[in-house]
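Asker: With this note's numbering, the residue at position 186 of the first sequence is 289, and numbering never jumps.
Don't read these hints as lab results, they were simulated from the structure. As the structure is a prediction and not an experimental result, all values here were calculated from the model. We put the CB at the ideal spot given by N, CA and C, even for glycine. Incorrect hints may have been included.
Computed cross-link-like contacts, DMTMM-like style, restricted to lysine to aspartate or glutamate with a CA-CA straight-line distance of at most 25 Å [unchecked claim]:
id: 1; residue 1: K488; residue 2: D322
id: 2; residue 1: K459; residue 2: D660
id: 3; residue 1: K131; residue 2: D505
id: 4; residue 1: K534; residue 2: D505
id: 5; residue 1: K379; residue 2: E467
id: 6; residue 1: K314; residue 2: E467
id: 7; residue 1: K379; residue 2: D287
id: 8; residue 1: K285; residue 2: E252
id: 9; residue 1: K488; residue 2: E437
id: 10; residue 1: K285; residue 2: D214
id: 11; residue 1: K131; residue 2: D184
id: 12; residue 1: K488; residue 2: E504
id: 13; residue 1: K131; residue 2: D500
id: 14; residue 1: K534; residue 2: D559
id: 15; residue 1: K459; residue 2: E437
id: 16; residue 1: K379; residue 2: E193
id: 17; residue 1: K459; residue 2: D428
id: 18; residue 1: K314; residue 2: E262
id: 19; residue 1: K379; residue 2: E344
id: 20; residue 1: K534; residue 2: E467
id: 21; residue 1: K285; residue 2: D345
id: 22; residue 1: K314; residue 2: E193
id: 23; residue 1: K314; residue 2: E342
id: 24; residue 1: K285; residue 2: E193
FRET-style restraints, in silico, Cβ to Cβ [to be verified]:
id: 25; residue 1: A663; residue 2: R562; range: 20 to 30 Å
id: 26; residue 1: S670; residue 2: G516; range: 48 to 58 Å
id: 27; residue 1: S602; residue 2: R562; range: 31 to 41 Å
id: 28; residue 1: S556; residue 2: V470; range: 18 to 28 Å
id: 29; residue 1: E128; residue 2: N605; range: 32 to 42 Å
id: 30; residue 1: H447; residue 2: D599; range: 57 to 67 Å
id: 31; residue 1: Y390; residue 2: K131; range: 22 to 32 Å
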Amino acid sequence: MTSPESTSESTSTDFIRAIVQDDLESNKYDGRVVTRFPPEPNGYLHIGHAKSICLNFGVASEYDGGVCHLRFDDTNPLREDIEYINSIQEDVRWLGFDWGSHLYYASDYFDALYSFAEQLILDGRAYVDSLSADEIRDYRGTLTEPGRESPYRNRSAEENLDLFRRMRDGEFEDGAHVLRTKIDMESPNLNMRDPTIYRIRRATHHRTGDKWCIYPMYDYAHALSDSIENITHSLCTLEFEDHRPLYDWTLEALDVYRSQQIEFARLNLTNTVMSKRRLLQLVEGGYVSGWDDPRMPTISGLRRRGYTPEAIRTFCEHVGISKRDTVVNMALLEHCIREDLNLHAPRVMAVLNPLKVVIDNFPEGEVLEFDAVNNPEDPSMGSRKVPFSREVYIERDDFREDPPSRFFRLAPGREVRLRYACYITCQEVVKDPETGEVIELHCTYDPESVGGSTPDGRRVRGTLHWVSARHALQAEVRLYDYLLRDADEGDEDSRDFISLLNPDSLQTLIDCKVEPGLADAELGSRYQFERQGYFCVDTRDSGPGAPVFNRTVSLRDSWARIEQSQSRGGS
RNA sequence: UGCCCGGUGGUGUAGCGGUAGCACGUCAGCCUUUGGAGCUGUAAGCCCUGGUUCGAACCCAGGCCGGGCAGCCA
């Protein structure tokens with residue numbers, strides 16, 4: 104009864120977990136489960152990485168003694184930087200995962216990798232090729248034609264060893280030679296046509312400095328790094344499927360511990376872009392404010408947007424693991440954060456587009472304080488006092504001079520409730536004489552309704568949020584929408600995906616009125632603005648007593664849907 | 001025109017030869033001092049064609065469709 108299977112029938116068993124379980128039962132790895140998350144430190148992590156992180160750390164955590172390594176795949180010094188090493192660690196930790204002491208770098212294995220390469224040479228399974236990059240490509244053949252063997256393919260082990268050592272010692276220029284495995288130039292799998300495993304690259308490595316001028320390639324370094332770390336299950340994305348034979352070949356050729364590579368589909372999301380190239384394009388083109396712009400699907404962007412680690416983890420669970428390549432609806436991500444914040448975010452009233460309401464029969468100068476529940480989902484969160492006075496702000500959208508059918512909010516002559524406060528009735532609409540714009544409403548309140556209900560028990564259809572004008576705190580609020588207007592990028596494989604960007608992905612409101620209590624809201628803290636959505640205090644741009652709010656996600660808006668279907672349907 | 005991988009409601013995911021389930025989304029109703037949340041219900045699916053079998057989403061064959069692969073990137 105303590106087995107995980109019997110306690111939780113919802114434990115999802117995707118095909119990878121099934122393999123791990125089988126391997127455990129057959130004792131393939133002596134009962135060990137060791138996974139790894141192996142990012143190249145050349146960019147910021149995004150929600151797609153989160154899927155891999157949740158998988159790798161998740162699988163490991165499901166077994167006693169299971170561990171997941173964090174390994175930086177830093178074999179290409181040209182593209183990598185310490186900045187990314189730091190941000191990646193921060194993001195993985197923030198997501199709630201812990202690699203303990205298992206932090207590794209492929210560059211830690213450069214010496215070992217080099218020795219293995221010499222061994223391959225001695226065994227006649229690797230050779231130094233002196234063809235140019237263009238020539239190698241030419242000799243490789245095509246998808247449908249076999250490749251040809253390099254004229255250098257049959258150099259003696261002695262000559263290869265000598266050349267390789269001189270490569271290491273810096274005797275040759277970049278590109279003069281490479282080390283290739285000797286496999287099969289006619290293989291239908293291009294990865295097996297004598298892949299390059301070492302290239303000369305004079306670049307200062309962020310960790311090894313100038314110690315090396317030759318660097319191992321991914322396929323070679325990755326397989327051996329997994330082996331060195333005794334990884335049992337090396338989980339990676341589908342595009343590496345064709346590389347698995349090389350992965351296996353490498354470990355077999357060197358007769359070392361065999362890790363097992365298993366591939367799964369990477370995550371795609373609607374209405375956004377995920378590739379590093381495109382994200383970089385957005386940052387460099389100034390289409391967003393940076394890698395942590397709240398519109399970005401990066402972990403740092405989502406964090407700044409107000410997403411919680413829990414919501415992201417839940418999302419990854421919902422998405423599941425399989426081998427089909429798919430596009431997950433953004434609505435699922437939004438559902439996950441709403442679900443989390445609904446339970447945990449304190450409620451607060453904030454008017455985004457203020458319209459002043461004067462309550463004519465309310466005594467000038469008098470202030471009432473009403474109790475407002477902090478979270479109806481969680482009574483333990485208590486309540487707070489909210490000041491009320493003769494002039495309040497309500498949302499412009501909450502008033503219609505000509506209310507359409509099923510519009511339950513304020514309109515001339517209509518009575519609604521101000522949440523937690525009282526019933527008011529609209530008596531007069533003041534307009535700008537020139538523009539005709541409604542600039543102020545005059546209402547009366549029913550003193551009997553103070554507290555939000557009346558002794559006669561009469562009901563009102565609408566309940567509006569509000570903020571007392573003289574107590575209101577001025578705030579800036581940023582409303583975010585999808586990066587891409589359409590669900591996907593369609594056939595726009597060119598750089599011209601910029602034309603598909605949603606021009607309204609950011610809307611900044613500078614004249615918002617929020618409850619005074621928000622003056623000392625903590626950076627990053629999350630709230631529900633009642634009837635509107637979830638917002639968090641921007642960690643970058645907020646000042647003391649001057650919070651800037653980011654909208655994480657709106658509340659589901661059934662009125663908006665009604666209105667939409669009304670306009671679609673004609674009336 | 002080579003090799004590899006995949007195809008279950010709109011979306012994602014279970015099902016491993018025995019009545020196709022779950023989640024998101026949709027729509028409707030109930031409830032409501034958030035048009036939120038919650039509750040109830042609805043519609044919607046096994047790529048196709050054969051075969052094996054008492055019985056096929058599952059096994060076999062052939063097709064169709066989608067994706068990946070020709071870095072000295074990862």
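Asker: Next pair to validate is K459 with D660; report whether the Cα-Cα distance is within 25 Å.
Answerer: 23 Å, holds
Asker: What's the verdict on K379 and E467, does the C-alpha distance respect the 25 Å limit or exceed it?
Answerer: 59 Å, violated
Asker: Against the 25 Å threshold, does the CA-CA distance of K379 and E193 hold or violate the hint?
Answerer: The given pair, whose Cα atoms are some 19 Å apart, holds under the 25 Å limit.
Asker: For the pair supplied as a hint, K285 and D345, is the alpha-carbon distance within the 25 Å limit?
Answerer: Measuring from Cα to Cα gives roughly 17 Å; hence the hint holds.
Asker: Please work out if K131 and D184 have their alpha carbons no farther apart than 25 Å.
Answerer: 38 Å, violated
Asker: For the pair supplied as a hint, K534 and D505, confirm whether the alpha-carbon distance does not exceed 25 Å.
Answerer: 14 Å, holds
Asker: CB of A663 to CB of R562, is that within 20 to 30 Å?
Answerer: 23 Å, holds
Asker: Verify the proposed pairing of K314 with E193, using a straight-line Cα cut of 25 Å.
Answerer: Distance of about 28 Å is beyond 25 Å: violated.
Asker: Just to be careful, I want the Cα atoms of K285 and D214 compared with a cutoff of 25 Å; is the pair within it?
Answerer: 22 Å, holds
Asker: Compare the distance between the alpha carbons of K314 and E342 with 25 Å, and conclude whether the hinted pair is satisfied.
Answerer: Violated. K314 to E342 sits at ~32 Å, over the 25 Å cutoff.
Asker: Hint check: K314 vs E467, CA-CA at most 25 Å. Holds or violated?
Answerer: Roughly 78 Å separates the two Cα atoms, so the pair is violated.
Asker: Need the status of pair K534, E467: alpha-carbon distance at most 25 Å?
Answerer: This hinted pair holds, its Cα atoms lying about 23 Å apart.
Consistency with the previously given hints fails for numbers 1, 3, 5, 6, 7, 9, 11, 12, 13, 14, 15, 17, 22, 23, 24, 26, 27, 29, 30 and 31, ordered from lowest to highest.
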